[in-house]
Amino acid sequence: MGSSSWSDADYAARTSHRKATGTTAFTHDAATKSSGINSLHADMNIKGKRRESRDSAAHPESRAIAVVFDVTGSMGEIPVVLQKKLGQLMTILVAKSYVKDPQILFGAVGDATCDSVPLQIGQFESGLEMDDNLGKFCLEGGGGGQMTESYELIPYFFARKTDIDCFDKRGDKAYLFTIGDEMPYPKVHKDEVEALIGDKLEADVSLEDVTKELLTRYEWFHIIPQTSTGMTPSISARWKKLLGERVIMLPDADAVCETIVMTVGLIEGAIASADDGAADLHAAGADRHTVAAATTALAVISGSSRAITAKAASSNLPSVAAGDSAARL
Amino acid sequence: MNPELKAFKTILSKAKCAEDLFGVLKSKDQLAEAKKLYHSFVKVCHQDRYTDPKDKKAADDAFKNLTDFWQIAQAKIADKTYGDKKIKPSKATIPVAITVHSKSRIYVVNDTFANGDIADVMNVEYSDGKSTRKALMKVARHPKDQDLMAAEASALAKLAKAKAAEHRVPLVVESISVSDVSGKKRSANVFEKMNGLVSMDAILTAFKMQPLDPRDVAWMGSRMWTTLGIIHNEGLIHGAVVPSHCLICAENHGLVLVDWCYSVKIGEPIKAIAPTWRALYPPEVFKKLPATPALDIYMAAFTLTIMLGAETNIVHSPKFPSTVPREMQRFLQACLIQSPHRRPTDAWELAADWKTLLEKIFGKPRFRVFNVPAGT
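In the order they appear, the protein sequences are chains A and B. With the working numbering applied, the first sequence has no gaps in its numbers, which climb one by one up to 318 at the end. With the working numbering applied, the second sequence has no gaps in its numbers, which climb one by one up to 369 at the end.
Because the hints were derived from the structure by calculation, they are not lab data. Since the model is a prediction, treat every value here as computed from it, not as a measurement. Ideal Cβ placement from N, Cα and C applies to all residues, glycine included. Treat the hints with care, as some may be off.
Simulated pairs of lysine-lysine, DSBU-like, Cα-Cα distance not exceeding 30 Å [as the list claims (entries may be wrong)]:
| no. | chain 1 | residue 1 | chain 2 | residue 2 |
| --- | --- | --- | --- | --- |
| 1 | A | Lys300 | B | Lys281 |
| 2 | B | Lys280 | A | Lys189 |
| 3 | A | Lys230 | B | Lys281 |
| 4 | A | Lys158 | B | Lys280 |
| 5 | A | Lys73 | B | Lys47 |
| 6 | B | Lys280 | A | Lys300 |
| 7 | A | Lys38 | B | Lys29 |
Some but not every residue of chain A turned toward chain B, in silico, with C-beta under 7 Å [unchecked claim]:
| no. | residue |
| --- | --- |
| 8 | Thr10 |
| 9 | Ala14 |
| 10 | Gly65 |
| 11 | Val69 |
| 12 | Ala315 |
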C-alpha cells in the first residue's frame, strides 16, 4: 500500500468535481444509510489482517501516521472536517518537511459492546487513496451513552497488527492520533479481539499494558474535542492518567487537522513552538480561528523540554548493517 | 546571533591553519592540551545551547569547521610538526573524529570495546566540566531494539537507587537516542567505565576451556546468589545470566552483572534472548511464561556448571568432572530442574545454603588468589 503520491492539484480537482456534482465524500455511508443497514466496508474490515506502511522507490522514507476517530454521537462531524482539510494536512507535512514521506491511515471506532460496526481501519496511503478510504466509512452515530467507547482496541491493533518500516528500519516512531470525547474501557477483551481482529488471546489485556507496548513504536496522542461530553472532568482525567501530556484538549473540533500537523512538527523538531507551527499554517491558508484553537491546545507540549519532545543526539557515527537484531520470542 | 557564538565564528573565519585556532601548545602533552581547548570550543558550537534555528545552523557549521582544524591539529601533533604553520600533516594520520552530541554532553568516540549480541560497545570520552572522563557507550545496531535498550536503562535506573546493588551492576551516565550518518535512530546507553573486570566467557577462553578449580567457582557462586537476591528484591529479573554477562573482578572477588537489555519485571515474560546462549535458557522462557526468580537461578547455575567444566548435553543431569565435589554437583543440579515451580526461587536462601555447603566441603573461608591469564 501507499505507492502513489500525494498531489495537491489532483485533490483540488476531485473536491471541485464533488462540489459540481453535489456528491458526498462519504459514499459508502450514503449508500448504507439509504439501505437502512449499517455495514462494514470490506476494505475497512481488519479481522485476520494486518496493516503495512512500507518504504518504496517513490517513498524511500515512509512515515506512518494513523488517525482514528470516534464516529458516534457528538463526534460525527470529525470525519467531515478531516476530509475537508486533508489536502492542507498533507501539503504542510510534506512542503514544510515535517516528515518526508507521510503515509496516512484513517480509522473509526465505536462501542464494541453495542455498535454493529465498532472498528473500521483503512490502509496506510501516500496518495489520493486516503481520500477514497474516508469514503468507505460507515458513520454510525450511535454511541452507548455511558461515556465509554472501545478505544482500547485501537492501541491493541496498532501495537500488534501493524508493520511499519519507519520504525522497523530507521527507529522513527510512527504516529497515532485518536480523537474522541469519551472514555476507553479498562481492558482489551479477548472475545472482542477475536470477533473484530481475529487474534485468539489467552486472557484479557489491560489498557495500561497495551499502551506501554504501543508507545515503544508509536507516538500516541489522544485529542479530546471540548464538546459537552469532552468537558466532563472524569473523561479527561481518565485519559491523562493513561497518557499524561499526550492528551490534547481541543477547544474547537474543527481544528483537528491543524492540531495533528502541529503535533507532528513539534515532535519532529521541525518547529520550535506552536507559534512557529501557526505561522506555517497561516502561510498555507488555514483558518485563523482553528489555528488559534490548535495553538492553545498544544501549549502543554510546545516549548517543553520534556521527554516526548526530546530529539535524537546528532552524530557522525557510521551506519552499520542492521541485519542482526535480538532473537525475539 | 548569540555573542559568544559570534565571537567564535569570527576567530574561525580568521584562522588559516590549526595553529591559528589552537595557538602555541606549550605543555609536554600537546595532545591533551589541545584536547582541552577543543572541548571548550565544542561547547560553544553545541546546537542545543541555542534556541534560534539560525544560531543552531551557525553552531553546526562552526562545529564542522572546528572538526576539520581539530583533525589537522591532531595529525600534526602526531607528526611532531605542530607549530610550523607551513607544514601540512601527512594525510594518512588524520583521524576521523567521531562524536555524539547529546543534550548535555559531547562524546568523542574512540575504539570498539566489545561487540555484543545486539549492540556495539565503544570507548568514549566526555568532559564533565572539570576533567575528561572515560566511559563506555553501548549503541544498538538495530533501530528496532529501542525497547530492549530502554528496558536496560529503566532496570539500571531502579538499581542505581538500591545501595546494595552498588558495584554489582553498571552505572548509567545517560540514555540517549543517536541518529547515525544514515539517519537511523539507534538507542545508546552510556556507562561509567569500571576497571579490572573480565567476563566469565573470556576466562573460559583464556583457560582454553579447561575447567576452573571448584574453589574458584565457589566464590563466584557466592557473589552470584547474593547479586541475584539483591536484584530480585528490587522486583527485577536479569533474564540473561550467561558467561559473557558475568564480569569478574579477580582482585577483590567481585562480580558485576552486565547487559540488562533482556531484563523484565518479575511476572512479565522474557521478550528476547541472547542468541549465542540459547541453550542456557530454561523452558519457561520459550513458553513465554511470567518470569520468576527461578529463571535467573537456572541460568546462573548453568553458567557455574559450565565454569566447572561440566558436559551439559543433557541439561538436567550435567556430567561434572570428578574433581567437583558431589554436594556442589547436587546443589547446581537442583537449580537446573526443568519445571520452574519445582526449582529453588529464593536466591538469598541459596546464598546461605551455598555458604554452608562450602564450609562443609572446604572448611573455613579463606581468600584464594585467582589469577586471570595475562592478556585476557
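Minimum beta-carbon distance criterion (7 Å), Val69 of chain A to chain B: With a minimum Cβ separation of about 36 Å from chain B (threshold 7 Å), the hint on Val69 of chain A is violated.
Between the alpha carbons of Lys280 of chain B and Lys300 of chain A, is the straight-line distance 30 Å or under? It is violated: about 37 Å lies between the C-alpha atoms, which goes past 30 Å.
Given the hint that Lys73 of chain A pairs with Lys47 of chain B, test it: the Cα-Cα distance must not exceed 30 Å. Violated, because 35 Å separates the two Cα atoms, which is more than 30 Å.
Take the C-alpha atoms of Lys38 of chain A and Lys29 of chain B, compute the straight-line distance between them, and say whether it is at most 30 Å. Status violated; Cα separation ~58 Å.
Against chain B, is Ala14 of chain A within 7 Å by beta-carbon distance? For Ala14 of chain A, the interface hint is violated, since the closest Cβ of chain B sits about 36 Å away, which is over 7 Å.
Run the distance test for Lys280 of chain B versus Lys189 of chain A: straight-line Cα separation, threshold 30 Å. Holds, at about 16 Å.
Hinted pair, alpha-carbon criterion (30 Å max): Lys300 of chain A, Lys281 of chain B. Please report holds or violated. Distance ~34 Å between Lys300 of chain A and Lys281 of chain B Cα, so the pair is violated.
Is the hinted pair Lys158 of chain A and Lys280 of chain B satisfied, with a Cα-Cα distance of at most 30 Å? holds (28 Å)
Hint Ala315 of chain A vs chain B: min CB-CB distance below 7 Å? Holds: closest Cβ of chain B sits about 4 Å from Ala315 of chain A, inside 7 Å.
Hint check: Lys230 of chain A vs Lys281 of chain B, CA-CA at most 30 Å. Holds or violated? Since the Cα atoms of Lys230 of chain A and Lys281 of chain B sit roughly 29 Å apart, the hinted pair holds (cutoff 30 Å).
Interface hint compliance - Thr10 of chain A to chain B, C-beta minimum distance less than 7 Å: violated (44 Å)
Hint validation: Gly65 of chain A versus chain B, beta carbon distance must be below 7 Å. Holds or violated? violated (37 Å)
Hints 1, 5, 6, 7, 8, 9, 10 and 11 from the list above are not met by this structure, while the remaining hints are.
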